[in-house]
Amino acid sequence: MSQRRIGVYVCHCGGNISDYVDVEQVAREIGAEEDVVVAKTAMFTCSDATQSEMEDDIRQFKLDGLVVASCSPKLHTLTFRAVAERAGLNPYQYTQVNVREQCSWAHTDDREGATAKAERLVQAGVARTRLTEPLVPLKVETVPRTLIIGGGITGLRAAIGLADIGIEVVLVEKEREVGGWVDRLATMHSSRQRPQELIAGLREAIHHRPGITVFTEAQVIAKGGTFGNYEVTIAVRRNEDHPISIHVGSIIVATGFDVYQPELGEYGYGIEGVLTLPEFQEVLRESEGSLKYHGRPVETIAYVYCVGSRESEDQGDAHTYCSRYCCTATVHTALEVFKHNPKMRQYHLYRDMRTYGEYELLYSESRKKGSRYLKFAPENPPSIQKAGEPKGEHLTVTVHDQLTSNQELTISADLVVLVTGMIPRENVDLVHTLKLPVGKGGFYNEIHPKLRPVETVVDGVMLAGTCQNPKTAAESVAAGLAAATQSASILKKGQVQLDPQVAVIDEARCNQCGECLSACPYEAIASRPLTDDDKGPRRYVINAATCKGCGGCVPVCPVEAIGVKGYTPDEIRAMIDGLLREVVAPV
Amino acid sequence: MTASETIKDTALPRILVFSTNNISDPGVDLAGSAHLHYSPNVVTISVPCSSGIRPSLIEYALQEGFDGVFVAADGEECAYLSDCSERTARNLATVQQWMEAHHWEPQRLRMGAICSVCAESFVSYVQGFSHTLAQLGPRGGQDHGV
Ligand SMILES: Cc1cc2nc3c(=O)[nH]c(=O)nc-3n(C[C@H](O)[C@H](O)[C@H](O)COP(=O)(O)OP(=O)(O)OC[C@H]3O[C@@H](n4cnc5c(N)ncnc54)[C@H](O)[C@@H]3O)c2cc1C
Ligand code: SF4
Ligand code: SF4
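Line by line, the protein sequences are chains A and B.
According to this note's numbering, the first sequence is numbered sequentially starting from 1.
According to this note's numbering, the second sequence is numbered sequentially starting from 1001.
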């Protein structure tokens, strides 16, 4: 006896699928399956013509389930959900089956195998669809205001961007002044202005926009509410006893980075004249005319690259990543030094030069101006010693240069600059308050670096700039503007829909053991007393607005009372059955 | 297609991959987009996060007929949980205990980090796994824990 009325559409995708999979056979065989009311193929399921054919079928055959076997769900899930919705079918009763990326294209060498696999995948899709139930997204009104945490160049540019689109901004900066690292630099490539002028210009721009409120020496200490209407609490240092409470629709985290601080003795750090790149920039900023350090004229500088970057995995807490900004920043700094003294002797001790893109031009220019580049092997790094004799030069640098058959070279230098990398900034309280996803190396994780580059799984909480990973200022600003656009596109609509595919507890199965309470990192699970007696029986519930649908709580439950809608244990078992069942050809 | 090829295909070990929507699925998709070939008896079920896979589901897959299960974990890239790998590993340890108790070869369960650009490593993982399972021979000896 048929209980469901499912329509199945198998796509040719021109020939992308049908060249390698016998789609007609797949449709024929699935058409014989119980509950399948209509099974068809289409040249392009995503075409307007097929979309309206599906809509007609849904209405005519009174379908209560839809399966589309075509490309990856990354591409057309929203297209077909909309088809369902237009025809009056709940969009969550549709299942996408990937028979292109995960079938025809992966098995172009085996038509028989690919066809058999496609049949099993579609069977699994039908099996899942049988168990789907209508889901309704929660609708939430949004507040047209964004909280930006961090007033570095990323946060400042995002604030201006948002204000100009008509979204109010509250910017919270923990230091006395906004500006971040850029405000501390002596010089910056790819900007005609000096860094301080650049930041002063942004401060001015913010000052002239009444839609932006800035709190300095301030921190976000609590977050309540849900997406679209978060209630955040801000503590301002001058007035700590009276925290401020503000409602915002979304949050952009732009808390930036820190610079790696070498250990004493690491590449001679601690010896007078051995500086990190930011320390050297400070010397440069304070020098007028010829370059001096502690009153001594500087004539030779050696730069050691990749300090605190690209470390070997075996070191505990290693910073294995490339910090991106530093090669170019150093090459540019050296060009600035030539402006102080065109005769300066500058040696660059590097592992690989990563002045990517147009920054290659800076690298060429620095070589033309006289910078010398020596390549060392990571297993044989340069060593830095205080020079024996207190003559003119101060430090002795020994390096094995791979470009001259690993010859040992000795450089006498007045200054050694350690080109230190970017590391994640410590922000334990904020991570806890906002439930920020901390990823590889301690930076925060977006959902996907290319496909969803500023969103986190916490709806309405976005990331931008160097809190995500090392970036140059221009890359940080691009991320800041992306987060601003994303934020505005959500808040301008006035309301948001929350994904209904979240976890639920089946109260009939739940034995009130309470195991799940601590399993959710988003604190979405709560227990409430069933009676007035606080010690009496309790019920366990999941807040649909805070649950992210990760399912982390699911395996914790001893009695299988929790399931993520759309991914319930029953649905997954049905798919497993579908994937294993031999296809029986219709007679 | 000759008869002998059909036999070859059906003899290929059946592998179920649990993959994640945001991180490993794009990697598996990319393998297809690059037309990298692997056994058509490798099939995927996508879930939001690998830490949400109930051990009983993996056990079910083995009992019902899969020769091996591969969990493509997000590792440190997981956007939901910073302890995703630990949680997933803990769940798999439960499955391993169950496998031992029911005389399943431990090689039939694997976990590996597959990221969104890991097309080649995905293919080499599943092909290697296919090979291992083929050498183990058909499921059968074990008491299936039913
Ligand atoms: C020596 C050096 C040279 C460089 N040279 C160049 C160059 O030439 N060109 C280039 O493009 N880039 C350069 N960079 C990189 C550039 O500095 C960064 O890309 C840029 O600063 C990133 O901006 P941001 O806003 O993301 O982070 P940041 O500048 O770090 O700003 C983050 C802000 O957030 C605030 N904050 C942090 N936590 C909190 C909290 N919990 N609550 C409130 N506020 C908080 C911080 O106080 C800070 O103001 C250089 C960097 C260094 C170190
Ligand atoms: S699915 Fe994830 S977010 Fe939802 S309640 Fe379970 S652990 Fe929390
Ligand atoms: S773990 Fe399962 S049984 Fe225990 S309280 Fe949570 S839902 Fe109920």
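Watch out, some of these pointers could steer you wrong.
[Claimed, not checked] With a straight-line Cα cutoff of 20 Å, these simulated SDA-like cross-link-like pairs (lysine to any residue) come out:
id : chain 1 : residue 1 : chain 2 : residue 2
1  : A       : 375       : A       : 339
2  : A       : 450       : B       : 1102
3  : A       : 386       : A       : 450
4  : A       : 74        : B       : 1085
5  : A       : 435       : B       : 1113
6  : A       : 62        : A       : 74
[Claimed, not checked] According to the in silico footprint, chain A covers these stretches of chain B (three or more CB under 8 Å from chain A):
id : stretch
7  : 1028–1037
8  : 1060–1066
9  : 1097–1106
10 : 1126–1134
[Stated by the list, open to error] Pairwise CB distance ranges (calculated):
id : chain 1 : residue 1 : chain 2 : residue 2 : range
11 : A       : 225       : B       : 1134      : 30 to 40 Å
12 : B       : 1033      : A       : 532       : 35 to 45 Å
13 : A       : 528       : B       : 1065      : 50 to 60 Å
14 : A       : 449       : B       : 1065      : 35 to 45 Å
15 : B       : 1033      : A       : 78        : 18 to 28 Å
16 : A       : 316       : B       : 1121      : 21 to 31 Å
Honestly, the hints are just simulated from the structure, not real lab data.
Every residue gets a Cβ at the ideal spot worked out from N, C-alpha and C, and that includes glycine.
| query | Going through the earlier hints one by one, which of them does the structure break, listed in rising order? | reply | Structure breaks hints 1, 2, 3, 4, 5, 6, 9, 10, 11, 12, 13.
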